[in-house]
Amino acid sequence: MLGSFFNIDGGYLEGLCRGFKCGILKQADYLNLVQCETLEDLKLHLQGTDYGNFLANEPSPLAVSVIDDKLREKLVIEFQHMRNHAVEPLSTFLDFITYSYMIDNIILLITGTLHQRPISELIPKCHPLGSFEQMEAIHVAATPAELYNAVLVDTPLAPFFVDCISEQDLDEMNIEIIRNTLYKAYLEAFFAFCKDLGGTTAESMCEILAFEADRRAIIITINSFGTELTKDDRVKLYPKVGKLYPDGLAALARADDYEQVKAVAEYYAEYRALFEGAGNNPGEKTLEDKFFEHEVRFNIVTLPTTVF
Amino acid sequence: MSLFRSEDMALCQLFLQSEAAYSCVSELGELGLLQFRDLNPDVNAFQRKFVNEVRRCDEMERKLRYLEKEIRKDGIPMLDTGENPEAPQPREMIDLEATFEKLENELREVNQNAEALKRNYLELTELKHILRKTQVFFDEQEGGSSATESMTRALIPDDSIARQAAGPVQLGFVAGVILRERIPPFERMLWRACRGNVFLRQAEIETPLEDPATSDQVHKSVFIIFFQGDQLKSRVKKICEGFRATLYPCPEAPSDRREMAMGVMTRIEDLNTVLNQTQDHRHRVLAAAAKNITNWFIKVRKIKAIYHTLNLFNLDVTQKCLIAECWVPTEDLEQIQLALRRGTERSGSSVPPILNRMDTLENPPTYNKTNKFTSGFQHLVDAYGVASYREANPAPYTIITFPFLFAVMFGDLGHGILMASFAAYLVIKERTLGAKKIQSDVWNIFFGGRYIILLMGLFSMYTGMMYNDVFSKSLNIFGSNWRNNYDESTLMNSKALQLDPNSTAYFKYPYPFGLDPIWQVAENKIIFLNSYKMKISIIFGVFHMLFGVLLSLWNHVYFRDRLAIMCEFIPQIIFMCFLFLYMVLLMFIKWVNYSADTIDVKAGPYCAPSILITFINMVLFKSSKNPDVCDDWMYAGQGFLQKLLVVIALLCVPVMLLAKPIMIMRARKQHQPLMNAGHTNNAAENGDAGYQLDDSMQQVQPVPAHHDEEEDITEIFIHQGIHTIEYVLGSVSHTASYLRLWALSLAHARKSP
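Keeping their order, the protein sequence lines are chains A and B.
Taking full-length UniProt numbering, the leading residue of the first sequence gets 1, the next gets one more, and so forth.
Taking full-length UniProt numbering, the leading residue of the second sequence gets 1, the next gets one more, and so forth.
Treat each hint with caution, since some may be false.
Here are some of the chain A residues that sit facing chain B, going by a computed Cβ distance under 10 Å [stated by the list, open to error]: (1) Cys36; (2) Leu44; (3) Gly48; (4) Asp50; (5) Ser65; (6) Glu121; (7) Lys125; (8) His127; (9) Ser131; (10) Met135; (11) Ala137; (12) Ile138; (13) Thr143; (14) Asp163; (15) Glu276; (16) Asp289.
According to the in silico footprint, chain A covers these stretches of chain B (three or more CB under 8 Å from chain A) [to be verified]: (17) 233-239; (18) 423-434.
Hints were generated in silico from the structure; no laboratory data involved.
The beta-carbon is built from N, C-alpha and C at its ideal position, and this holds for glycine as well.
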């Protein structure tokens, strides 16, 4: 019954989405791309794929940054197109995706202004998916409270920011805390939203978000060693949605060094595998790389089943 | 023969001298008769031999697109003479490249200058507006200071008291210009960030300004912000920067402002002259380019196409010549040879190219030669499916059937004339209209199908005459063969009267051509026409379908496929004839045997049977129940004959379904062992000529390119099943579908008055 009404709202976007998925480069394409010797070769090969002529109007010689910009532009155009045609609950879902980019942009801008960089230099570095109207005026704020009251209160990020309001100055440490608190609130809200939606969305998205939450918890813990972040503060930054919640997070909160974190991960099969063979020596994959690899694999598995 | 079948194709191998290859391919391209095969499918696009040339063409195309964009922006008409320039020689490519490079650079430089000038101009205009608008603000402030003061006092009494105590406070201000749509968030942000301690006034700039980067027209507003203290000043400035507002210095004293305004005005005027000169220069450059740009586009595309084709070729070991494989219509081999010779001459090469025919087992591509008249119909047919190689091409028959069936529905002489004259206009003017290259989709549909529309119009005129319909009115050319046989008083007193064909009202012979005009005034015109058009539609439909089945026979005979004739064509034709052709026959029997002017009741209108009911009863094996005075059957032995026909027709279905696959299976089983022993001639006994042919070929060449016949037996069964179901259900549903001819004709007749 649900399926018979699906096409009213989702039919067009479903079609688009499937099309985009087919447009993703295949293994064979990558094998060909490996053989490319110059960026011109790459351009020529991409002309035969769904990327088509997105570089056709660029004068040679090509630069990597140009390709990067064009690809991002393409992504953003396609995303905005889908967002513009979306109805509830998909529109909220897509908005949630942009929030993480918004958080990154805010942090980037604040860090930039902290280092006395002019705002005009920072704006091009922001991801266009996460841009919002008041973004460029962000350097007005000197404290988190001001940031909230002047800039963020109008943005959808406002509810996430409520936990970070304090009168402290914005310094490196505080920015990191703000970033992680924002992310925690964002992940929890997104998780709750997906859970509410139920169905396939809940199944696949909750898995992905839970993994993201766990990864953040572990990375925060490891990075906090040797800084002035207290254990109590650290606990506040853990997103409470992952598989580690609640026992794993409690154990992580007590951890004092890398070995102890590893010991916590031992209890969870998938994370244990990630810790094994991870190292900081050259030639070895770092833990972050391992996490990233796992995430990608994870997304590939869930992609076909995710029906927006 | 080639009108009715696709062209006879041959696979050819072409040896071209490296230096002559380019001009030869160019000549062949102008001919458009060859289909080249990709001889290096495993090689990446960027590893092919002429990839650099293709890339250079890409680059040239990019430059041309840039030029075209700029030309369009200025609205300069692009000259399109419709001529078709030859592909330039490779050495001319460098000249072209240089020309484009020069043009692009020049244009970019002009654009850059223009942009800088425009930016300057924009800034000055904005400043002019600021000075003008802020004047109003300042005037208000000075003139109505008491009013503002009372307002402030009412809102924040403490502050105003403090201010009065400290005397007038020096207020700072900034003035600037901002995009109009950004004002609301800008205002909100100012309020929040400065906690309401700033005062913002704004006024709209009425005329839209031009954005120098995109040259879009944008609406902007002038604003002025009053504040107190340096901290607020830096904050306000930051917000302005964040909202991309441009701030301008604005002197406080009115005299300074006036002076500045004067200065700005003179500078704007100076700039205007410079801007105009730049614009003129740009226009000149673009106008020169616009004359040639279509030609250049065609040239570059031709070069690119040639190199793309050359990339499909193989290089031989000595690197001296290129080897190509292509499909060629055998009839046009002469022409191709000529083109090759021309190409060789042009390149000045001494060694002539060699064209070799190759033997192949591969299925050649279908190529139908068309001219401007048949191409529309061919496209129409191809939209449904392209026939296999050498299969009968249905397009020539469509030239008649398609417009005719349309006309059955559209039968109206007046509408037909309109349609035909519109199409005739397109046909007569096709040269000039075609050269215009109108891009509209709807127009192209009409223009592409102009001959179809012309024929549809002409046929509609004919059927319109048959229906005696001119804009839903009748023509009484020969005089109606009915007359009024009532006296005046009867006529005056009754609403409707009936004319009996069996009386003096009818002259006993029909109207010479088409429908009698009397029907136009008849109350039961629609009912009469319905019964007539319904039957007509079915008759046309059945004959149309029979014709299609007969075409398949022609195909089978051509391919010597005896099995298909026996197991497909014959049951199909029996099925069609025994059910549907029989129904058509019944219609004619009814028309001939029953009439109004007879004394015999059994042959009179009262006893005339309904063909539809008769047909339904026939299929359901029911006997028809007629009133006692009438015969149960239309002729003697009808009941038995009908049962026999239905039974035979139904028996044809399993034959269609199973016979061919079973025969193939048996044939395979029989000659499998024989083949091993080396006897192939026995296969002929299976009544499968096509088979034998193929098998003997397989013997000659152990690894054939295509194993068409070796397909799985289950697949054959499934295929045949689908085919049978489609045919049986299709013939029933198509017969019903032909009723649409009547339905649409009815709709046309009902709608037009």
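Here is how each hint holds up against the structure:
1. Because the closest C-beta pair between A:Cys36 and chain B is about 6 Å apart, less than 10 Å, the hint holds.
2. Annotation: A:Leu44 was flagged as interfacial toward chain B, and the flag holds, the nearest CB pair being 4 Å apart, inside 10 Å.
3. With a cut of 10 Å, the hint placing A:Gly48 at the interface with chain B holds, because the nearest CB-to-CB distance is about 6 Å.
4. Taking 10 Å as the C-beta contact cut-off toward chain B, the hint placing A:Asp50 at the interface is violated, the least distance being around 15 Å.
5. Interface restraint check for A:Ser65: the shortest CB-CB distance to chain B comes to about 19 Å, outside 10 Å, so the restraint is violated.
6. Interface hint status for A:Glu121: violated, as the beta-carbon distance to the closest one in chain B is roughly 12 Å, over 10 Å.
7. Checking A:Lys125 against chain B: minimum C-beta separation of about 16 Å lies over 10 Å; hint violated.
8. Interface hint at A:His127: violated, since its Cβ lies 18 Å from the closest Cβ of chain B, which is beyond the 10 Å cut-off.
9. For the restraint placing A:Ser131 at the interface with chain B, the shortest Cβ-Cβ distance is roughly 12 Å, beyond the 10 Å limit, so the hint is violated.
10. For the restraint placing A:Met135 at the interface with chain B, the shortest Cβ-Cβ distance is roughly 8 Å, inside the 10 Å limit, so the hint holds.
11. Against a cut-off of 10 Å between C-beta atoms, the interface hint on A:Ala137 holds, since the closest Cβ of chain B lies about 3 Å away.
12. With a cut of 10 Å, the hint placing A:Ile138 at the interface with chain B holds, because the nearest CB-to-CB distance is about 7 Å.
13. About 12 Å separates the beta-carbon of A:Thr143 from the nearest beta-carbon of chain B, more than 10 Å, and the hint is not met.
14. Violation of the interface hint for A:Asp163 is found here, the shortest Cβ-Cβ separation to chain B being roughly 20 Å, above the 10 Å cut-off.
15. The interface hint given for A:Glu276 is violated, since its Cβ lies 39 Å from the closest Cβ of chain B, which is over the 10 Å cut-off.
16. The beta carbon of A:Asp289 comes no nearer than 30 Å to any beta carbon in chain B, farther than 10 Å, and the hint placing it at the interface is violated.
17. Chain A is given as covering the segment 233-239 of chain B, and this holds because 3 residues of the stretch bring a CB closer than 8 Å to a CB of that chain, at least three being needed.
18. Against chain A, the segment 423-434 of chain B contributes 0 residues with a C-beta closer than 8 Å to a partner C-beta. That does not satisfy the three-residue criterion, and the hint is violated.
When the structure is compared with the earlier hints, violations turn up for hints 4, 5, 6, 7, 8, 9, 13, 14, 15, 16 and 18 and for no others.
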